[in-house]
Each structure stands twice: as C-alpha cells, then as structure tokens.
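> Protein chains in written order, with the working numbering: chain A, 1 to 485; chain B, 1 to 486.
Check each hint, because a few of them may be wrong.
Stated by the list, open to error - Restricting the straight-line Cα-Cα distance to at most 25 Å, the calculated cross-link-like pairs of lysine to any residue (SDA-like) are:
| hint | chain 1 | residue 1 | chain 2 | residue 2 |
| --- | --- | --- | --- | --- |
| 1 | A | Lys321 | B | Arg424 |
| 2 | B | Lys234 | A | Arg453 |
| 3 | A | Lys465 | B | Gln281 |
| 4 | A | Lys346 | A | Thr329 |
| 5 | A | Lys309 | A | Arg404 |
| 6 | B | Lys316 | B | Asn279 |
| 7 | A | Lys465 | B | Glu245 |
| 8 | B | Lys419 | A | Gln272 |
| 9 | B | Lys234 | A | Asp446 |
| 10 | A | Lys429 | A | Ile449 |
| 11 | A | Lys339 | B | Lys393 |
| 12 | A | Lys481 | A | Tyr454 |
| 13 | B | Lys371 | A | Lys464 |
| 14 | B | Lys371 | A | Thr224 |
| 15 | B | Lys371 | A | Glu390 |
| 16 | B | Lys393 | A | Lys263 |
| 17 | A | Lys263 | B | Lys419 |
| 18 | B | Lys419 | A | Ser312 |
| 19 | B | Lys371 | B | Glu245 |
| 20 | B | Lys456 | A | Asn443 |
| 21 | B | Lys316 | A | Ile449 |
| 22 | B | Lys371 | A | Thr384 |
| 23 | A | Lys429 | A | Arg453 |
| 24 | B | Lys136 | B | Gly184 |
| 25 | B | Lys456 | A | Asp446 |
| 26 | B | Lys456 | A | Asn320 |
| 27 | A | Lys428 | B | Lys456 |
| 28 | B | Lys419 | A | Tyr385 |
| 29 | A | Lys481 | A | Arg453 |
| 30 | B | Lys234 | A | Gln272 |
If you're looking for bench data, these hints aren't it; they were derived computationally from the structure. These figures come from a predicted structure and were not determined experimentally.
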Amino acid sequence: MSKLIKPGTALLFVFALHFTAQAQVEKSVVKIVNQYNRFSWYTPWASGSTGGGTGSGFVISGKRILTNAHVVSDSAMILVYFHNDPNPYPAAVSTIGHDCDLAIIELKDPARMAGVPALEFDGLPELRSQVTTYGYPAGGKLLSSTAGVVSRIEMQSYVHSGMDAHLTVQTDAAINPGNSGGPVIQNGKVVGVAFQGNQQLENMGFFIPVHVVSHFLTDLEDGTYDGYPELGLYLAGLDSPAARRYAGMNGDETGVRIEHIIKGCSVEGVLQEDDIITSVGGYAVANDGTVEWNGMRLDFGIIPDGLQKGQSLPLEIIRNKERMKVDVTLSHYSPLPAKANLYDVKPQYYVYGGLVFAPLNRETLKTYSDNWIQEAPQELIYETYYRYIEEDDFSDSPNVMIIRQLNHEVNVEEAYYTYRLIDTINGKKTRTIPEVIEAIESNTADQHIIQFRYGERMTALDRKKADAANAEILEQYAIPKDRQL
Amino acid sequence: MSRFLSILPLLLIPLAVSARPDHPVEHQLVTVRVTYQEWNEYRPWQKAKPSNRTFLGTVISGNRILVPSAYLRDATLIQFEKYDRPPRVPARIAHRDDQAGLALLTTDEPGFFDGLEPVTFAETAEGDSFYCAAWKSSQLILPACRWSQVKVFKSSVPYFGYAGINFITDLKNGGRGEPVFSGGKMIGIIKSQSGDQATVIPVNLIRAYLNAVAMPEYPGFARLGIDYQYNRGKAQAAYFGQDGEPSGVRIRGVFPGGSADGHLQIDDVLLELDGHKINCQGDYDHPRYGLIDLNLIATEGHYAGDVIPAKILRNKKEMTVEIPLKNIHASQALIPYARPNTPPPYLMAGGFVFRELDCPYLRAWGDDWEKNIPAYLRVINDMRSESPTAEQKRLIVLTDVFPDEYNLGYHNMAQNIVKTVNGRPIDSIRKMEEAFQHPVDGFHIIEFIPSYGINKVILDAAEFESATSAIMEKYQIPQRIRLSEE
Numbered sequence: 001m002s003k004l005i006k007p008g009t010a011l012l013f014v015f016a017l018h019f020t021a022q023a024q025v026e027k028s029v030v031k032i033v034n035q036y037n038r039f040s041w042y043t044p045w046a047s048g049s050t051g052g053g054t055g056s057g058f059v060i061s062g063k064r065i066l067t068n069a070h071v072v073s074d075s076a077m078i079l080v081y082f083h084n085d086p087n088p089y090p091a092a093v094s095t096i097g098h099d100c101d102l103a104i105i106e107l108k109d110p111a112r113m114a115g116v117p118a119l120e121f122d123g124l125p126e127l128r129s130q131v132t133t134y135g136y137p138a139g140g141k142l143l144s145s146t147a148g149v150v151s152r153i154e155m156q157s158y159v160h161s162g163m164d165a166h167l168t169v170q171t172d173a174a175i176n177p178g179n180s181g182g183p184v185i186q187n188g189k190v191v192g193v194a195f196q197g198n199q200q201l202e203n204m205g206f207f208i209p210v211h212v213v214s215h216f217l218t219d220l221e222d223g224t225y226d227g228y229p230e231l232g233l234y235l236a237g238l239d240s241p242a243a244r245r246y247a248g249m250n251g252d253e254t255g256v257r258i259e260h261i262i263k264g265c266s267v268e269g270v271l272q273e274d275d276i277i278t279s280v281g282g283y284a285v286a287n288d289g290t291v292e293w294n295g296m297r298l299d300f301g302i303i304p305d306g307l308q309k310g311q312s313l314p315l316e317i318i319r320n321k322e323r324m325k326v327d328v329t330l331s332h333y334s335p336l337p338a339k340a341n342l343y344d345v346k347p348q349y350y351v352y353g354g355l356v357f358a359p360l361n362r363e364t365l366k367t368y369s370d371n372w373i374q375e376a377p378q379e380l381i382y383e384t385y386y387r388y389i390e391e392d393d394f395s396d397s398p399n400v401m402i403i404r405q406l407n408h409e410v411n412v413e414e415a416y417y418t419y420r421l422i423d424t425i426n427g428k429k430t431r432t433i434p435e436v437i438e439a440i441e442s443n444t445a446d447q448h449i450i451q452f453r454y455g456e457r458m459t460a461l462d463r464k465k466a467d468a469a470n471a472e473i474l475e476q477y478a479i480p481k482d483r484q485l
Numbered sequence: 001m002s003r004f005l006s007i008l009p010l011l012l013i014p015l016a017v018s019a020r021p022d023h024p025v026e027h028q029l030v031t032v033r034v035t036y037q038e039w040n041e042y043r044p045w046q047k048a049k050p051s052n053r054t055f056l057g058t059v060i061s062g063n064r065i066l067v068p069s070a071y072l073r074d075a076t077l078i079q080f081e082k083y084d085r086p087p088r089v090p091a092r093i094a095h096r097d098d099q100a101g102l103a104l105l106t107t108d109e110p111g112f113f114d115g116l117e118p119v120t121f122a123e124t125a126e127g128d129s130f131y132c133a134a135w136k137s138s139q140l141i142l143p144a145c146r147w148s149q150v151k152v153f154k155s156s157v158p159y160f161g162y163a164g165i166n167f168i169t170d171l172k173n174g175g176r177g178e179p180v181f182s183g184g185k186m187i188g189i190i191k192s193q194s195g196d197q198a199t200v201i202p203v204n205l206i207r208a209y210l211n212a213v214a215m216p217e218y219p220g221f222a223r224l225g226i227d228y229q230y231n232r233g234k235a236q237a238a239y240f241g242q243d244g245e246p247s248g249v250r251i252r253g254v255f256p257g258g259s260a261d262g263h264l265q266i267d268d269v270l271l272e273l274d275g276h277k278i279n280c281q282g283d284y285d286h287p288r289y290g291l292i293d294l295n296l297i298a299t300e301g302h303y304a305g306d307v308i309p310a311k312i313l314r315n316k317k318e319m320t321v322e323i324p325l326k327n328i329h330a331s332q333a334l335i336p337y338a339r340p341n342t343p344p345p346y347l348m349a350g351g352f353v354f355r356e357l358d359c360p361y362l363r364a365w366g367d368d369w370e371k372n373i374p375a376y377l378r379v380i381n382d383m384r385s386e387s388p389t390a391e392q393k394r395l396i397v398l399t400d401v402f403p404d405e406y407n408l409g410y411h412n413m414a415q416n417i418v419k420t421v422n423g424r425p426i427d428s429i430r431k432m433e434e435a436f437q438h439p440v441d442g443f444h445i446i447e448f449i450p451s452y453g454i455n456k457v458i459l460d461a462a463e464f465e466s467a468t469s470a471i472m473e474k475y476q477i478p479q480r481i482r483l484s485e486e
C-alpha cells in the first residue's frame, strides 16, 4: 500500500520553485550518496549486493545531519554534497532509528560544517497551511524545492521497518525518490522530514513531523538510541452499546477493550484482558480508540508515542466494573526486530553437513519468494505474526530453520526440510544458531537427529561422515567460514 | 467391429473421425443432460444461477448408465438422450460414490433401453491401441488415445488413492465421461481433460465399484490415511535400525480415526503392505503399472472392512500389524476438502452469518485459493486442515455481518474463527445454536480465535431473537439455520 521512496531511482518531475526563505535553507540542505552493501540472508557468507542511492538531509544543531534511516541503511560509505559545492565529503552514520525512519550522520571532517547554519524546528503545521519541501529528487545535482499544503495528519505505517506506525503528515508538495530525508519548511523552520509516498494516492507525499523527530533526538541524548517502547496491546473499539453495558460503563463513559496483551510488553502485569481503557495520559479515549490531540482526532497511540522507554504512562481503566488508575512503565519488546525489515546487520548462519541453519526472521522469510507471506510454509508466518497474538501464555522467542541444503553425498539422499521450524537437534531444544552449534558439536551418537516442530518431520545425518565432509563442503561451495554469529 | 478396428490406425491422423451411423458404439452411449445449481457458499441459504452440463453415459448391464459422478454435482434435473437425439427422458441416480468418482443412472421411462446395448468390459485397462467415443454434432466420433502414464489421484478425500490413466487424445474439449476402448472392449471412462491430456478412470476400479454395488451393503473404498517421509538416506535408515540399502517409508502421521490410526505409529518404517514391498520413496511394484504410490494398495482389490497386513520396523524390530481398512468420509477432516451433495450448514444470529468452514467455501477465492484466502484462514488451512481433535471436529467461520443497529461496532468483521459462545466451546452449528440458548447475565458473548482485530463480540441477549428476525426480514434471508446431517 504505502511505497517506500528509495533513494535515487525515479522519474523526473517538474517542480514549482518556491523562493521564500530559500537562501537561508539551501545552505543547510545536503545531498547524500549512500554506497550500500546489503548482505544476502540466503547466501549469508557472500558479499552483498552493492550500489549507490541518493537522498537528502539537512544540518541540525551539533554539526549533525538529519536524514531518513532508509537513505543511509546498509551503508558501506556515505558522501555528502553541499549546495553549490562540487566536492564530496565523507560521512558516517552516528545514530540510526529504523523504527522511525530517521538517522543522524556526521562528516568525518567537521570543518566543512563551519558557517553552515543549523535549521531550527517548529511544531506541527496547521491543516491546509503551506509547506515547502527541499531536497535532491531523482539524484539531481541542484537543490529543488516544491510547495504544497498540509492535507492530512494521522497515525500511519512507516514502511521502512514494516512494523511501525507513527504520526505522519500528508502533503501535496511533491515528494519523490531522492527527496527522502530533506526538510519540510514552514516560515523558515523545519516542520518535518520528507520520507515516503503512496502508490494509491496521486501527487501525495508524506513527511515525518517534528513530534516524531523530537522523540528520536531526545532518545539519543544519552548517546544511544533505544527506540520506541511497545505497549503490547490489541484493542477492540466499543461502538457496540451492548459491549459497553457488559463492561459496566455508564452512558457517558467511552473507551476501548483490551483484546490481547503480548507477553513481554510494557503493560504485562499491569493491565488485563477485558480491561476497558478510558483515559491515556489524561486524554479521554473515545469508543473508536481515538483521543483529541491538538485539535485533531488521532489514534490514542499518539500519547505513548511521545514517551521514552522507562517513562510512565498513567491510564484510567475499568476492570470488573471498577474504576481504577494505573501507571504503565514503558519498555521494549525484544522479539520485535525479527518481525521487521532488518538493516545494518550481518546475517547469522551455521553450515554443517551441507545444511545451512539460519534464524527465522523477516529477512530469511523474504528469501522464500517475493510472495513469501502467501507462499512460505504457513507455520513460519504463524510463528512470526500470529502465535504471539493467539496464545495467551506464549513467550515470543527466536527460532531456527534450515534455509537450504548444499548437496553432498553425506546429505543428498536424506530426507530434508527447508523453511520448517526446528524443534530439537539430538534431543536438545534448539531455538538459536548457538544452540544449534552446541547440540551438534556435543553429540556423540552415530547420527544427528533433527526434529521439526510441525508435521513430525525429521532429518538424520551420519555424524562421522558429516564431520569428515564439512571442510570439503565449505571448499566446494566456496564458503569462507562455517558460521557467523 | 473387429473389421473397423483393423483400419483404426489409418484413421489416427485426422483429429476427429466420424463413424458410420450404425456403429455398435452408438448403441452403448447415452447423452446425459444435467441441470444443476450450486449453493452460494457466501450466502448459504441461497443458490447460484442454475446452469446445464451435458456429458456421456455408458450403457452397462441391468439398464444402467455409468457416468463420472462429478457431473451430477448439485443436480436439480437429470435427463437422457439416446443417440444424441431428442426426445429427452427423465433420469435418476441409482447409486453414486463421489470418492470413487463413479455413479449409476437409470430411467423409469418404458422402452428407453430398447436398442441400447451394454458395453463389454475389458478384464483390465490394457491394450495396444486405444480410442474413445463421443458425439460431435450428433455424429459419432472415435478419436485416438495414446497411453501416457498412470498416476495415483486424490479423490474428494485427500490421499484416497486410486489409479488414473493419462492418455494423450485427439478428442477436443472432452473429459465428459467418454468411454475409452481397446479391441472393442471398454478399458475406462474419461473423467477430465486438459488440453490433449485426458484422465481415465480405469475399468479395474469400475469393476470393483460395480461389484461393491451388487453387495447387500455397499462397503465403499478405503483410505489408508497416513503421512510418510522418504527413507532414502542411510543415516535415517540406520537410526531406525536398518542395515544395508534403505527401504520402506517413515510414518510421520496418521489421519485421526482413519485406517492406520491405532495401528501404525509415528517413526514406524513401513516395509511391506498387503504383501507388496514398499520402496524408500513410497512406491510399490504394481504388476501392470510399474512403480506406483503405495496408497493404491488400500483401494485396489480391497474395500473398506478388509484387513491388510503391514510389515513394519518399530523400535528397530520387524513386526507385522494388521490394518483394518476404513472408508473415511470427507467430513472427517477439520476443514473438509469436499461436501458432496450437502448444503452448507449455517446460522444467522443477530446479523452475524456463521458457517462450517470447508474447502468449497475457501474455493470462492478463486483457482489459487490456497494462497489467496485471508491470512489466518491460510495459516489454519495449511497447518491443520487434516487434524480434527475430539474437542474440535470442525471450525466455524464468521463469513459476514449484515449491518444493523443491533450489531453496531461489528460491521466490518469477517473470516474470524469462533472459539466459544457464552463460554461453550464451538465446533458445529448445532453446538452454536445450543450455546445461544444460554446467555450470560443478559448478554451473548462470542469469542473468536484471537487474531488482528476484534476477538470478542458482545450482544444484547434480550433483543437477540427479535433483532435476528428483523435483520432476516430486512435482508430477505428466508431461513435462520441449517444443521449438518448427523
């Protein structure tokens, strides 16, 4: 639905130039060329796919350049170009927030930053007010700017991670590939960062408002980026009068019912299923789950979205028809990264007896096929995206599978199952690559026995023959090392 | 007839060969016209637009007409035509077995069988040159067929194995019950055709079916009901205690309540079945077809009720167990693959339409339905379609909500799987109807298997019946409930 604007690849558009305040802004808007190296989770020992992409960025306080995470993801080298300056300036990522698609890069030699004004931030622009985007769409050498109006402000999914939704501003100012990371300006101040488009909407672009940018900048003040906390709630609206009466709500009370709590998330132990949330951070929650925030009706997620890990969120709830006030201390959900698109990590693997073991995550799922959600064995989809919602007592945790088999006499006739969840190896529960390695290396039986979680499938390998064949298999398939952890 | 056959090879080149009008085959064919009307799986109280199909029946002894049963599906009217010419006469089903894919028709119309001759069956599906018979513009044609290969097919119950023979044929747009002959004897009937590939139900199964029909009580055919994995690898074979070349297959599942349930176990290595050695890929050496899938053993030469021996390796010891063969109905699966000749059970409750989840419903998502169905249904269909339990014999799905003030807040719900109603576990429309008799503190509480979106529906119990009636009236729904036949 939403389409990520990838750096550097697009058609040229005609832009309406907007000159107000441009002289001040143009010095601070940079073009970013990212030479990326993206490793393959299917051939995890190989060099990645490389290429160059361009995006935009702008200078903020502390001699830092703010841009989108997707502009500088998987970077092997970054070059920054300033307005009317043909020289490339090498830079490096200092902080990257994939969950909010924002990143900070810094020049290796900060001398060029002297005299470059840091742009200042403003608040949320008014609906229908005019904004101007600045950037280097389609990788052009010259700064481009286009004007438009703010057409909608709402919580929307951020396609870079594929698992996050935050406040987003929609505008008809042209936002095209290469614009990504550029500032959106109103009255000379930054009101957002251009970041994605939507194929279903013509001439509409989206930018990340300052609300989200400040969350990112505040988060990294202590030197590390922690990312957004997760409440871990699945909720049902209460438009149904019967459902409200059943919950013991009075005629004027509104709220939403907790359908499911994800084990390991912030609200665990504080909230319960069937609790009715009537107020979040002092904002009354409507029956459709929205709150009134700055004159707008937004999903109540906007309130916790303004808070950092460790901060407390006061809630008013109805539990068993009793009114209560509780505080939720916000925390992370550690299994979440495996469900999202992964960047900037080297793929984990272990090769033994020609079997390539890999963790289950969205990147390994994507190696199944382009249409992996529909075509991959559904136990993988269930385990990653449904089980933690379906089962109350389920603790979401890592999983491993065999992602491919490198044919060799030692394995080729054995039954083998790729893209199936492994349950045990040699009787030991194995959920991570280190556990796989331990279970295999500690085995003294004649065979290695791999039992799969579903369908009672199994694979056997002759231990001594597999031990003996390992070096040869690595050599034959040009695999420089048998593992990466 | 033999004179005709001797010249057949010369006639192979033309696509369709017209025979002379008084050819004997003409008297062995009957045109069958069926008017049919499928159930609307999404609105299970109504039917789709009626339509017609025309196919061929083969005359057999006892004034009966043999047809592939699939063509009788959802029939509302069956008619015969002799020599592909009017008048049409009313016909009726004398017997059908949708698993075997065969049915017998007859008519009470006096004199209809005058001038018709029963076909002669071959002993087995063998021969040198083959042709089929069909009508084209009321002319008899005898297109050539060339034997291609034999496969074990799934019937309407998955893994119910029977052999089908693939022929490459000159017949165009066939696959409508045309009999196939060799040397003037019928060796099978075509059940389907795709391009120039026709799949033929062999005479062996037809004979077995007719023998079964003649029995005092029709036994039906059996399904072995096992899942297995290959045993090609020496490491796996050694693990199960086999020395030398691996043979047999490793059992990794038995269909609950099926033939093998209670007799074969997970990790058994099935070495022989009914005296046939099973190779490490699950094939046995069939006397006529060569290597073919072991599931055929339970079907060929056996009926449900027979007991066949199985030699297995269990805990590294060879032993023989007896497997009493059972007929397994499609409805025994958690998500039945087919629902032959029964309408979908459903319940309309407060504007919510619930029905039993089965593959005919899921097929509404098109040819590629297994991929295109909604995400959670895809997960269940892939992981659990064959796995009923004592507590969960069937899944009930919410197909739709007919909007009304009564069900405000739930109008966008669809494709959720019901878990409980008023705290009672649900696996049938019957249990659901019963559960709605027991509201909790004045409410009906419908819980679904948790997924993205609303998982619990709460309705006012006092208004439930009147709201249901009003919604049925508003949306013209004639019938509130249909229970499954039990």
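> Give a verdict on every hint.
Each hint tested on the structure:
{"no.": "1", "hint": "Lys321/A <-> Arg424/B", "in the structure": "23 Å, holds"}
{"no.": "2", "hint": "Lys234/B <-> Arg453/A", "in the structure": "23 Å, holds"}
{"no.": "3", "hint": "Lys465/A <-> Gln281/B", "in the structure": "23 Å, holds"}
{"no.": "4", "hint": "Lys346/A <-> Thr329/A", "in the structure": "32 Å, violated"}
{"no.": "5", "hint": "Lys309/A <-> Arg404/A", "in the structure": "39 Å, violated"}
{"no.": "6", "hint": "Lys316/B <-> Asn279/B", "in the structure": "18 Å, holds"}
{"no.": "7", "hint": "Lys465/A <-> Glu245/B", "in the structure": "17 Å, holds"}
{"no.": "8", "hint": "Lys419/B <-> Gln272/A", "in the structure": "20 Å, holds"}
{"no.": "9", "hint": "Lys234/B <-> Asp446/A", "in the structure": "12 Å, holds"}
{"no.": "10", "hint": "Lys429/A <-> Ile449/A", "in the structure": "12 Å, holds"}
{"no.": "11", "hint": "Lys339/A <-> Lys393/B", "in the structure": "32 Å, violated"}
{"no.": "12", "hint": "Lys481/A <-> Tyr454/A", "in the structure": "31 Å, violated"}
{"no.": "13", "hint": "Lys371/B <-> Lys464/A", "in the structure": "42 Å, violated"}
{"no.": "14", "hint": "Lys371/B <-> Thr224/A", "in the structure": "42 Å, violated"}
{"no.": "15", "hint": "Lys371/B <-> Glu390/A", "in the structure": "21 Å, holds"}
{"no.": "16", "hint": "Lys393/B <-> Lys263/A", "in the structure": "30 Å, violated"}
{"no.": "17", "hint": "Lys263/A <-> Lys419/B", "in the structure": "21 Å, holds"}
{"no.": "18", "hint": "Lys419/B <-> Ser312/A", "in the structure": "35 Å, violated"}
{"no.": "19", "hint": "Lys371/B <-> Glu245/B", "in the structure": "39 Å, violated"}
{"no.": "20", "hint": "Lys456/B <-> Asn443/A", "in the structure": "48 Å, violated"}
{"no.": "21", "hint": "Lys316/B <-> Ile449/A", "in the structure": "16 Å, holds"}
{"no.": "22", "hint": "Lys371/B <-> Thr384/A", "in the structure": "18 Å, holds"}
{"no.": "23", "hint": "Lys429/A <-> Arg453/A", "in the structure": "10 Å, holds"}
{"no.": "24", "hint": "Lys136/B <-> Gly184/B", "in the structure": "20 Å, holds"}
{"no.": "25", "hint": "Lys456/B <-> Asp446/A", "in the structure": "52 Å, violated"}
{"no.": "26", "hint": "Lys456/B <-> Asn320/A", "in the structure": "16 Å, holds"}
{"no.": "27", "hint": "Lys428/A <-> Lys456/B", "in the structure": "39 Å, violated"}
{"no.": "28", "hint": "Lys419/B <-> Tyr385/A", "in the structure": "19 Å, holds"}
{"no.": "29", "hint": "Lys481/A <-> Arg453/A", "in the structure": "28 Å, violated"}
{"no.": "30", "hint": "Lys234/B <-> Gln272/A", "in the structure": "53 Å, violated"}
Hints 4, 5, 11, 12, 13, 14, 16, 18, 19, 20, 25, 27, 29 and 30 from the earlier list are contradicted by this structure; the remaining hints agree with it.
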